[in-house]
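Given chain D, put chain F in place with the hints provided.
2 protein chains.
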Amino acid sequence: METPDNATDAAAAADSATEAPTGIAAQDWATAAAEPTYRAAVVDLLGALAYGELAAFERLAEDAKLAPTLADKAELAKMASAEFHHFEQLTGRLAEIGAEPTEAMEPFVAALDGFHRQTAPSDWLEGLVKAYVGDSIASDFYREVAARLDSDTRELVLAVLDDTGHASFAVEKVRAAIEADPRVGGRLALWARRLMGEALSQSQRVVADRDALSTMLVGGVADGFDLAEVGRMFSRITEAHTKRMAALGLAA
Amino acid sequence: METPDNATDAAAAADSATEAPTGIAAQDWATAAAEPTYRAAVVDLLGALAYGELAAFERLAEDAKLAPTLADKAELAKMASAEFHHFEQLTGRLAEIGAEPTEAMEPFVAALDGFHRQTAPSDWLEGLVKAYVGDSIASDFYREVAARLDSDTRELVLAVLDDTGHASFAVEKVRAAIEADPRVGGRLALWARRLMGEALSQSQRVVADRDALSTMLVGGVADGFDLAEVGRMFSRITEAHTKRMAALGLAA
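As given, the protein sequences belong to chains D and F, one line each in that order. Throughout the first sequence, residue numbering follows the UniProt record's numbering, covering 1 to 252 in sequence. Throughout the second sequence, residue numbering follows the UniProt record's numbering, covering 1 to 252 in sequence.
So that you can see chain D by itself, here it is in the shape it has in the complex (with noise of 0.2 Å):
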């Protein structure tokens, strides 16, 4: 799940928030997780991941079949299999913290279901590009996130995020069939605007939903967030995209 040279700004956020921690970013689990509202965020944002780590284990399974090679197929499976690991850990995690897993994912299975029906690949490189994209935008945004985190929770929540090797085998592949064809190029530039654009949507579906989560992002609970940040947030992480887009090949 992690991306080669996108994360500059991300990776500073979180960064400086490492550097010298402050409110909740200098707690753990234990001490943070007094304040309902607090732990009930972190459930949230566990579920979230859970589901999308679930739900991106099956996706690449399924773009298994489109593979043109064995050798691809066993790559795209071993992912698969490494998100199913990352699914392990979170769910893990949220019964040990007394949280039902089930119960926890439940609210976030339309809006990934949804997004992952939107956006069905249409042949193998479409399904590396959202690979790609997806991974590449959700990395971001959990990487943003966590610096505002409980040291326990930022600790799983950035192992989770550690690199399962998608990003170098999608981007050399890609790379290799723009090289072959250019008029992939362009197709290819249009899926990715797609998919940042259903990512967004499904995303505002999930603030407008889920109110402790919202409020974290906010700056209700955890420090540092205010409408403007998110606003600076959401700016970082378009950029970032569209950075990696170009490195791509791409027009974003």
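Possibly wrong hints are sitting among the right ones.
Because identical chains share one entry, a pair is satisfied inside a single copy or across any pair of copies.
To be verified - Below, a list of computed lysine to any residue pairs in the SDA-like style, where the Cα atoms sit at most 20 Å apart:
#	residue 1	residue 2
1	K173	L158
2	K65	A110
3	K78	T102
4	K243	V171
Just so you know, these hints were derived from the structure itself, not from any lab. Only a predicted model underlies this, so the values are computations on that prediction, with no experimental measurement involved.
What follows is chain F alone, placed relative to chain D:
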């Protein structure tokens, strides 16, 4: 140990081989592989097993979509991930002995894809019965063959056949469904018969195509197998299938 009399079932065959290994079963890989036909047969076997695991991964990931609950979906994803790790062990071993994993798997793609295409489950219960029947038959077969392999290959083959938890999960769910609606039993019994028929027909296709593997099975290189013994082996496997179906509440 290769006298037919004491090979009453797969377990006995495997046990007696472990107790007093002779011929190839008493050798390690380095010694046994000096014979090129044996080496080719093992590459075939590992290739078939590896692609079987990759295909099982895909099938389980696909069936996860039919799961009635999030918990069931997670359970199937877990099994799929376990199959993938077996796939990694097998392709790792192929690479270790100097065989190209993709080339080793290629000859078995058509038969295994054909089996899965002919037996796409139409609902969640058919998927569970298929996972259970398919894995049990494959497991019986490989256990029979394992007794005739060199010690290093035998160890690997038995390790990847370890229970991934399919059996108890499937048995529990299928039993509960039949209890709730006994008519389900008749439908699933027919389905299990179709699976067995299709598995046998695809196995024959493989046996007819792959000289080295077939020669090993009928006693050309690895000792202990002759045509009559192969017949008995298929009887044992079919008998074990019948017992399993009865235990599941299905007349086979």
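Structure-based check of all given hints:
1. In this homomeric assembly, K173 and L158 never come within 20 Å of each other (Cα to Cα): the closest approach is 27 Å inside a single copy and 36 Å across copies.
2. In this assembly of identical chains, the alpha carbons of K65 and A110 lie at most 20 Å apart only when taken from different copies (14 Å versus 24 Å within one copy).
3. Taking the shortest Cα distances, K78 and T102 sit within 20 Å of each other only across copies (15 Å), while inside one copy they are farther apart (25 Å).
4. Taking identical chains as interchangeable, the C-alpha atoms of K243 and V171 lie at most 20 Å apart only when both belong to the same chain, with a minimum of 13 Å there against 51 Å between chains.
When the structure is compared with the earlier hints, a violation turns up for hint 1 alone.
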